[in-house]
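Participant: Spelled out, the chains give:
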Amino acid sequence: MSEVALARPGLPVVVLAAGVLAADQVSFLLVGSAALWLRGEPVTVGDVDVAIEPSEPNLRRLHEALMRLAVRPDTIAPVHRLRELSVATAITPYGRVDCLLERGRQDWYRLSQTAGYVAVADAPVLVASAADAWALRRRFKK
Amino acid sequence: MTTMGERSGVGLVELAILEALDARRAWHNRRPVSCLKLLLALEDGIGLARGYAYQVLIDQTLPWKLPIPLIEGQGNFGGRGNDPPASAYYTEARLSPAGEVALSAERGEIAPIPIGLINGNTNRQGTRPPFRPTAVIEAVRQVLRRPRLTAKQIADIIGPPDFLTGCTVTGDLAGLIAGRRTELGLQARVTVTDAAQVKARVAKAAIPGYPAPQIHQRDVGRLVIVLENFPPYVNTDEIAASIDKRAQEYAWKTRYPELGEQAGLPIKYLADLTARDDYWFVCVPDAGTPAEVLRDQLMDVYGVTIYVSVGLPRPLATMIRTWTRTHQHEDLNASLTALESALASRHQKRLMARP
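Residue numbers (this note's numbering), protein chains in the order written: chain A, 1311 to 1452; chain B, 4 to 358.
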């Protein structure tokens, strides 16, 4: 997990939102179409799905980062709600960011075992393996 | 009360609202009824919660959400920005001519009409996109006349999905027509022009007696970027906020300069010149930034480009053929003519005036 791979050229702008979260020290794991794109799969990236590490300090960092990043900070759930919510969505200038909180609570350890870092611009973003990203996609997306 | 929208493709909740309007004689040439009273009647009658029913009612009145609005609203039904619709207490509604035709079809008074296929349901986060009304009607007519019409010919008649605001549609259109799930990109129109043209447009839209916004009075030859024809279902005020946010200095920029370089927008200023349902912004690039470079960067801002997940249950040509075959024993030509007349009526045209 220590080595950082470089993202392939033509990075979809929405993926920069993950870079911003990483730069803000939020611990998360990129899944969904953005992860698949960074793993070289031919998919269209419409939004960013991130599984969030379920620790209390991380939720605080996430909340602060989303408040700075979101187009409408008033729509961001407070920290105590982030502890319970299944998904928190933020509309950012880069695109839509879905924070998969329940997935993080359930599968953080398992998913992070096979994940690896990819540099998005300069920020190292933890990205799920292609197999895990496909498995999640098949399970949750029709 | 009708329980299914099989003959028009109109959703059940929409249909319940149309029925309730009809029961109150709120026809297109009669006085509209209070939305609050209508919603209370729906709540009492079928237990439909008023908050949800009001949302659906509002959608049915907005010309940038549906190609064929089935309801005519009077009062403030909200704009495309942050201005929300007024409470149901202050608004009124009545059936549009097309809404009346849809009800007639549902009741079996005329043959079915394909309103569901035309309107789609992406306005309520569904996957079926809207199509041009006249094109769908023409396709059904052609299939009636020539049942052996090929899938390609049908698809050519119908054309690509029509997202109403004049935004550019990109993506796997062939896949969509073939019945596959796909992502379509909806892009606002972003053009480079000079400040003189912007000034002229602002002056034209100005309301007499009110001062027009001042746009680059000193250097009318300066190149600026105009953003218009925004995708539907996006809040235009949020687009302005997104651009503004990208233009600002951001804390991580110092930590990760490369990220900042890619994400930041070199904008001198952004002006929201929306007036009279004409939603448009003007961006002035920072000194030293070519307008064409900023234009390309603006295309990536959320809201200027959005992606919608779309898909049809079956290939489009099959849907048209099946629909036509199912109802061919009825007088489809007459019902299509009724729908066309409704759409051509001055009243409906006014409701369908595009933003």
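Hint data in this document are derived by calculation from the structure and do not stem from the laboratory. From a predicted model like this one, the values you see are computed outputs, not experimental measurements. A virtual CB, placed ideally from N, CA and C, is assigned to each residue, including glycine. A couple of the hints might just be wrong.
Facing chain A, from chain B, some residues (calculated, C-beta under 10 Å) [what the hints assert, rightly or not]:
1. 14
2. 18
3. 231
4. 337
Here's a subset of chain A near chain B, in silico, CB distances under 10 Å, partners left out [stated by the list, open to error]:
5. 1324
6. 1353
7. 1379
8. 1389
9. 1393
10. 1395
11. 1397
12. 1405
13. 1431
Participant: Could you run down the list of hints and mark each one as holding or not?
Facilitator: Going through the hints against the structure:
no.	hint	verdict
1	14	20 Å, violated
2	18	26 Å, violated
3	231	19 Å, violated
4	337	39 Å, violated
5	1324	7 Å, holds
6	1353	9 Å, holds
7	1379	8 Å, holds
8	1389	20 Å, violated
9	1393	25 Å, violated
10	1395	19 Å, violated
11	1397	15 Å, violated
12	1405	5 Å, holds
13	1431	4 Å, holds
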